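If you read the protein sequences in the order shown, they are chains H and Z. Heads up, the first sequence is in numbering that gives the first Met the number 0, so the first residue is 0 and it goes up one at a time. Heads up, the second sequence is in numbering that gives the first Met the number 0, so the first residue is 0 and it goes up one at a time.
Bear in mind the hints are in silico, worked out from the structure with no lab data behind them. In this text the structure is predicted, and so the values were computed from the model without any measurement. Built from N, CA and C at the ideal position, the CB exists for glycine as well. Honestly, I wouldn't trust all of these hints.
Unchecked claim - Simulated restraints on C-beta separations:
#, chain 1, residue 1, chain 2, residue 2, range
1, H, N394, Z, N182, 15 to 23 Å
2, H, L201, Z, K618, 54 to 62 Å
3, Z, G275, H, V287, 53 to 61 Å
Claimed, not checked - Just some of the chain Z residues that point at chain H, by a computed CB distance under 8 Å:
#, residue
4, I149
5, S170
6, G200
7, L377
8, R402
9, F408
10, T414
11, P417
12, G426
13, N512
14, G733
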Amino acid sequence: MELLLHTILLIPVLGFLGSLLIPEIKENAISRWTFGLVGLNLLLLMAFVVLWVWQGAVNIDIKDWVLYQSTGYVFFIDFFFDHVTATFGLVGGMLTFLITVYSRYYLHRETGYKRFFNTVWFFYLGYNLVVFSGNLETLFVGWEILGISSFLLISFYRDRYLPVKNAVRVFSIYRIGDVGLIMAMWLMHHLWHENITFSRLLDQSLVHEHITSHSLVGIAIALLILLSAYAKSAQFPFSSWLPRAMEGPTPSSAIFYGSLSVHLGVFLMLRTYPFLEFQLTARVIMGVLGVITAFIATNIARVQSSVKSQIAYASIAQIGLIFTEISLGWLNLALFHFTGNAFLRTYQLLVSPSVVSYLIREQLYQFKQQPHSRIHWLPKAWMNSLYILSVKEFNLEKLNFYLFWSPMKRAGRALRFLKAKHITLFFVPVALIAFVDLIMQNLSGSNMPSVLSLPLAMMGLAMVLRSFAEKKDVFLSWWLVMLNHVFIAIAVAFNEHFTLEHVFLYLSGVVVFAAVGHLILGKVEKAEGGIHLKYFQGIVHNKQRWALMFLIAGLGLTGFPISPSFVGEDLIFSHIHENQWLLAVLVALSYIVDGLAVIRIYSRLFLGPYGKTHKEIAYRSS
Amino acid sequence: MKHVNVDSSIAKTLEEIRHFLPAQAPLKDFVHHNTLHAFQNKPFFEGLSEAQERFGYKTLLSLREFQEKFHRGEISPEALEQVIAKEKPEGERTQWLEKMMHPRPFVPSEPQIGRLRRVWMKDVHIDLDSMVHPSLFRVLCSYLDQGIAIWQFPEKNMGFLDAIRSIEENSFSSFFTTVEAKNWLFRKTSTLEDLLHRIVGDESLFHDYLTDQQFAHQGWSGIVANIEDNPLGLLDTRKISLHDIVYFELLLELDVLCMKLGVDFKPLSHHKNAIGINGKFQPSSPLEFELRILWQKAFEIMHYQSVLAGINQVKQHMTGHVEHDNQSEKPSYQAVFCIDDRECSLRRHLEMQLPSCDTFGTPGFFGVATYYQPEGSLFKTKLCPAPVTPKHLVKASGVKDKRKTDAHFHRQTHTLLPGFLIAQTLGMWSAIKLFFQIFKPTMSPATSTSLQHMHKHSVLTVAHEGKFEDGLQVGFTLPEMVGIVKSTLQSMGLTQHFSSLIYIVGHGSSSVNNPHFSAYDCGACCGRPGSVNARLFCAMANNPEVRKQLAIDGLTIPESTVFVGALHDTSRDEIVYYEQDHLPSSHQELHIHFDKSMDIALKNNALERSRRFVLIPKKQPKTSILQQVKLRSVSLFEPRPELNHATNSLCIIGSRKLTKGLFLDRRSFLNSYNAASDSTGDILYGIIKAAAPVCGGINLEYFFSRVDNQKLGAGSKLPHNVMGLVGVANGIDGDLRPGLPSQMIEVHDPLRLLMIVEQTPAIIEQVIHRDAATYEWFKNEWINLVSCCPISGKYYEFTAGEFVELSLQSESFAQKPFEPLMFVEETDNLPIQMIH
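Sequences are here, hints too, so could you generate the full structure?
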């Protein structure tokens with residue numbers, strides 16, 4: 000059994016890596032490799048499920064792989080299998096298989112054929128990690144992969160302006176979801192004093208006991224998880240990102256935003272439901288938000304005049320209902336509802352181009368001047384208001400902008416007075432002194448948690464906000480991200496005495512990737528004769544390999560699970576005390592903005608229309 | 000005084016903008032046209048150069064693309080030398096050749112369009128487009144929507160601005176953020192000019208500002224201008240004008256500017272970058288464009304010469320076989336097809352199966368211009384070339400149309416509670432359906448098939464019985480029928496030697512997941528299949544009264560001759576015959592024989608087409624290849640059900656003898672014409688008047704969609720999203736994308752149409768001069784015209800307003816027997832040559 004499960008988990012890894020190696024021009028090999036292996040994976044999973052049911056459908060938990068261990072801290076990869084995993088796994092496998100077969104023909108001759116399949120593999124890998132995860136840490140690895148693969152798929156047509164812009168926007172919403180998870184993981188550590196697995200959460204008495212003794216922490220965790228789930232599943236108030244994500248080829252929109260990706264919030268809630276079960280407040284909030292989403296999204300869906308946004312909002316409304324079902328404890332209904340909604344929306348998106356001939360033909364025979372509206376009894380002013388509000392998507396896009404994007408921009412702009420010289424002359428020395436002090440303390444064995452950690456963390460946040468607001472100097476922006484990590488590491492190290500090894504683990508990846516990125520930037524600058532961050536420059540047009548390497552370096556710099564910094568981040572968090580909310584928030588914010596700043600550099604430099612070409616360039620508005 | 004002036008100059012500006020905007024109609028009536036029609040009053044290359052300067056279009060392939068073609072052998076060194084020898088003085092030729100082969104790098108220059116508007120960005124850091132477009136597009140699309148939204152625009156029957164005023168007046172929410180913008184909206188006395196004064200300031204900038212503004216979203220502006228000109232193009236009509244959307248957009252701009260800069264913001268002309276902006280424009284490198292012109296000419300010469308050489312070869316071959324060319328011999332069958340380039344190969348295959356069958360080409364509405372209304376339909380569909388307005392209506396009855404429905408398109412799936420139930424029931428069915436649609440694609444309600452257009456057994460109201468509807472005459476009177484039959488037969492030179500069976504074959508196409516479906520049907524039937532027209536023509540020509548009258552007029556059709564209507568499905572290569580059961584028993588056997596041969600011809604045609612479909616493996620049994628060609632038309636995942644007019648480059652007007660046995664690689668429109676019976680040129684006039692805009696329009700739409708697929712074409716169709724059933728856009732808040740998607744044009748070579756007319760230069764010249772609009776095509780060389788003189792046997796090229804004799808380069812042809820089906824593994828263009 001375990002071997003089978005491991006094989007199922009390993010195939011996507013193998014598939015992804017293999018797909019990278021096949022040369023670009025071999026369309027056939029790429030697609031066969033993909034749907035062949037996904038198909039195999041699906042078959043094995045089906046066999047596994049049959050076997051599992053036959054053996055009594057007992058939950059399986061495999062503690063797999065200890066990535067890092069030190070006193071009082073273990074970071075391990077854990078897998079878990081129950082009926083929720085089975086459902087999500089099977090639906091995911093089936094849809095991915097069908098879509099890869101579909102795309103084999105659909106994407107024929109499209110520039111980026113290989114890139115598309117690479118990204119789908121990457122997505123599938125992340126999806127499986129999430130679905131099979133046995134603890135929040137493992138889930139988080141998959142969650143991060145999904146975020147990046149989403150970004151890559153939305154910006155699939157990377158030489159146009161809107162896909163790139165929307166990809167960055169969607170990524171920023173995902174990032175908010177990530178922070179919910181990071182903070183939840185942090186609080187979980189403190190609540191359980193261990194890296195808790197989902198299977199242990201099933202122990203009702205254990206959960207109950209912990210929550211009653213820490214009710215505030217309990218509710219905080221629940222709300223943080225809710226935040227993640229709501230961001231990922233495009234629920235209120237995040238909904239408006241989903242239709243904007245429909246920029247890639249239709250099958251990718253169908254599988255990502257019609258079905259799998261957008262339902263992962265549902266998965267997260269089902270997975271952590273045992274934890275929520277006893278927290279009435281959290282359940283009420285969840286249920287109410289679900290209903291609000293359903294109401295708003297339905298209204299928006301009713302006025303949509305483009306076929307994909309109509310399907311997107313209709314799907315969001317159903318997911319709102321699913322969340323409400325979970326909050327009421329109707330888990331199996333939710334699971335069933337998910338399955339139906341996922342299949343339905345995928346199919347609807349896939350046949351969406353047919354809507355023209357179908358509806359025109361329908362109209363030829365049964366045209367009605369004004370379709371009957373169910374709320375026609377409302378006063379006209381109300382109707383008009385609701386109509387306008389729905390066309391404007393209840394101002395959700397604006398709300399998101401003002402809530403999340405604009406404060407960050409404003410903060411960054413306020414910090415623009417910090418010039419490169421201030422940073423080299425003040426902040427770098429501060430960091431150095433603090434660092435040396437840290438080593439001295441450590442050597443002398445003196446144990447004095449310092450009040451300095453908050454100011455240091457603030458400086459760290461300032462660094463990355465400044466990086467985010469930089470318009471000209473790419474190198475400055477890049478190194479500021481790195482500087483942020485240094486400040487955070489020092490701040491936390493000042494907070495609690497712990498072995499320097501943790502700091503080194505954290506910084507090791509960051510430093511290496513920062514250096515690699517710097518080298519690439521240098522080369523690009525030389526080749527292009529000047530780079531900046533004012534607008535999208537589309538350098539990937541003639542520097543594909545560098546763009547890819549820079550993306551990897553960037554991911555490394557943000558602590559993506561390819562770098563030891565990933566474990567380091569989690570580790571650093573475990574050194575923040577449960578009552579140090581401010582510090583935790585500062586560090587968490589740093590992580591959000593880190594990711595955004597790096598993705599911003601990447602997209603401004605490498606994505607978008609490339610000006611210096613004789614090739615045709617699309618309009619900005621198209 | 001001044002006031003009046005400015006107002007009329009704004010009206011003039013709007014007219015000018017309308018002239019340059021894309022003229023594409025809503026999706027259901029996709030009709031091909033010259034994308035750069037606005038520049039057609041200039042010589043071809045001059046117009047292209049201007050379009051590039053002003054609007055930043057890429058109007059010819061880039062130097063690099065030409066060089067690639069050169070290295071692949073698609074442009075020969077000889078062709079290059081020929082062009083340079085023709086265009087450049089003796090001493091400079093080697094220099095020019097050097098420049099073409101090794102051009103120094105050119106920096107692309109900024110087009111004129113958009114410069115003024117960028118001042119907002121430069122001077123006040125407001126990205127006006129990105130703040131205004133999403134609202135503008137959304138409101139516009141909601142208003143124009145033809146039936147996607149469940150809740151449609153309130154007051155949609157009012158004009159656009161009035162509708163907005165009406166709902167804004169009576170609402171607690173608003174499309175605008177500031178009170179200022181709302182006040183402007185309600186102040187009915189304020190004009191466009193007032194708004195421009197407030198936003199732009201200086202009157203001298205109005206023209207450029209409006210042009211910049213509208214061309215930042217030419218897709219939406221274009222569709223609005225089109226609907227304004229042709230409101231009946233929509234089933235659910237709307238009253239909208241370019242003026243209205245300009246006004247609304249200016250209000251949205253005002254809203255943003257007030258919000259960002261305060262109500263007393265300075266107008267654009269007061270900002271420093273706007274001052275003297277008109278003087279700052281620098282045109283791009285003329286040398287670079289000149290090099291591209293030379294390349295283009297070489298590219299065209301190479302193709303044209305091989306075609307003319309091929310035709311010449313056929314001619315020589317024919318003179319050697321005079322005995323075969325016996326005029327008095329009656330052919331076994333005659334089959335009339337549309338001039339469409341997709342029928343070019345089918346005709347060849349049919350002739351190979353039935354060597355005694357004569358084929359003809361004429362525009363696929365067969366002279367029958369009418370509206371059509373099937374039983375139960377609420378609307379009338381136009382079935383004739385786009386510029387013609389029919390006066391007749393034909394109704395179909397007898398068979399109720401049974402439309403199959405698909406719940407996946409149903410509105411209820413998008414609502415909350417019904418959606419809840421549907422997701423849990425239909426949702427599961429979707430999975431199974433998807434599985435079968437991927438592994439075993441079949442016809443579904445989503446498919447748009449050519450047969451839907453008219454039920455095979457429906458009864459058409461051919462004859463007029465005194466009824467009129469909406470000002471249209473139902474059916475045709477006897478003299479009208481006689482006139483139609485006579486002129487159509489005369490126009491293609493089919494006036495004697497009638498065989499027992501004459502087939503009139505219309506065409507249509509089946510596809511799925513294809514918003515551009517109507518671009519695949521017959522262009523001469525306004526983007527509909529030609530089945531109704533074919534049946535109508537046959538009914539008229541078979542009418543004994545009509546025959547009697549025709550005989551009096553000198554056109555005697557023997558009693559034994561029967562016309563049979565048919566429809567050829569170009570994506571599936573299938574044919575349906577109409578009323579073949581009513582054939583006299585004497586003809587039944589003949590028909591069966593024809594049907595069998597046609598069946599083989601269709602199969603061979605499908606095989607020949609399959610060579611362009613890379614994903615179909617060619618090393619498998621023929622039946623399996625054919626099966627896969629057919630499946631394309633019903634496969635959801637197939638963005639290329641067929642390649643439509645791709646690779647078209649020729650239009651040959653003349654007798655079939657000119658091209659019989661010549662492999663034209665499906666690149667030619669073929670219009671039958673008998674020069675001998677047209678000494679006045681009247682018949683030719685009728686043909687050219689229609690063929691120039693239709694074939695030229697198709698050709699140039701493919702041309703420009705191919706050279707600039709982003710700005711003049713629709714880009715890849717894979718991310719397309721259907722907007723309000725009127726157009727497609729990328730994503731949900733993009734501009735509409737007129738033009739052709741990349742999947743339709745990727746194999747196309749951008750070559751201007753070469754129109755070869757089998758008639759003396761004198762008559763042709765006299766004919767094309769008759770109509771100014773037609774003459775423009777040839778005078779300005781948007782179509783290249785060659786006369787193939789039936790008397791002298793020489794060729795004349797129409798350049799700079801006159802015919803000049805052409806000397807043909809003798810082309811060396813492969814001596815090996817050429818058989819098109821041997822080349823199914825070849826995906827590129829094949830040489831034009833004779834089939835031995």
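A quick look at each hint next to the structure:
Taking the beta carbon of each, N394 (chain H) and N182 (chain Z) are about 21 Å apart, inside 15 to 23 Å as hinted. About 57 Å separates the C-beta atoms of L201 (chain H) and K618 (chain Z), a value consistent with the hinted range of 54 to 62 Å. Taking 53 to 61 Å as the suggested C-beta distance range, the pair G275 (chain Z) and V287 (chain H) conforms, at roughly 60 Å. Checking I149 (chain Z) against chain H: minimum C-beta separation of about 4 Å stays under 8 Å; hint holds.
Given hint, S170 (chain Z) at the interface with chain H, holds; its Cβ is 4 Å from that chain's nearest Cβ, closer than 8 Å. The beta carbon of G200 (chain Z) is not positioned within 8 Å of any beta carbon in chain H (closest approach about 25 Å), and the interface hint is therefore violated. Hint status for L377 (chain Z): holds, given a least beta-carbon distance of 5 Å to chain H, under 8 Å. Hint status for R402 (chain Z): holds, given a least beta-carbon distance of 7 Å to chain H, under 8 Å.
For F408 (chain Z), the suggested interface contact is upheld, since its CB lies about 5 Å from the closest CB of chain H, less than 8 Å. At a threshold of 8 Å, the smallest CB-CB gap from T414 (chain Z) to chain H is about 6 Å, leaving the interface hint in force. For P417 (chain Z), the shortest C-beta to C-beta distance to chain H is roughly 10 Å, which exceeds 8 Å, and the interface hint is violated. Hint on G426 (chain Z) holds. Least Cβ distance to chain H is approximately 3 Å, under the 8 Å limit.
Evaluation of the N512 (chain Z) hint against chain H yields a held restraint, the C-beta minimum of about 4 Å falling below 8 Å. Evaluation of the G733 (chain Z) hint against chain H yields a held restraint, the C-beta minimum of about 5 Å falling below 8 Å.
In this structure, the hints that do not hold are numbers 6, 11, in rising order.
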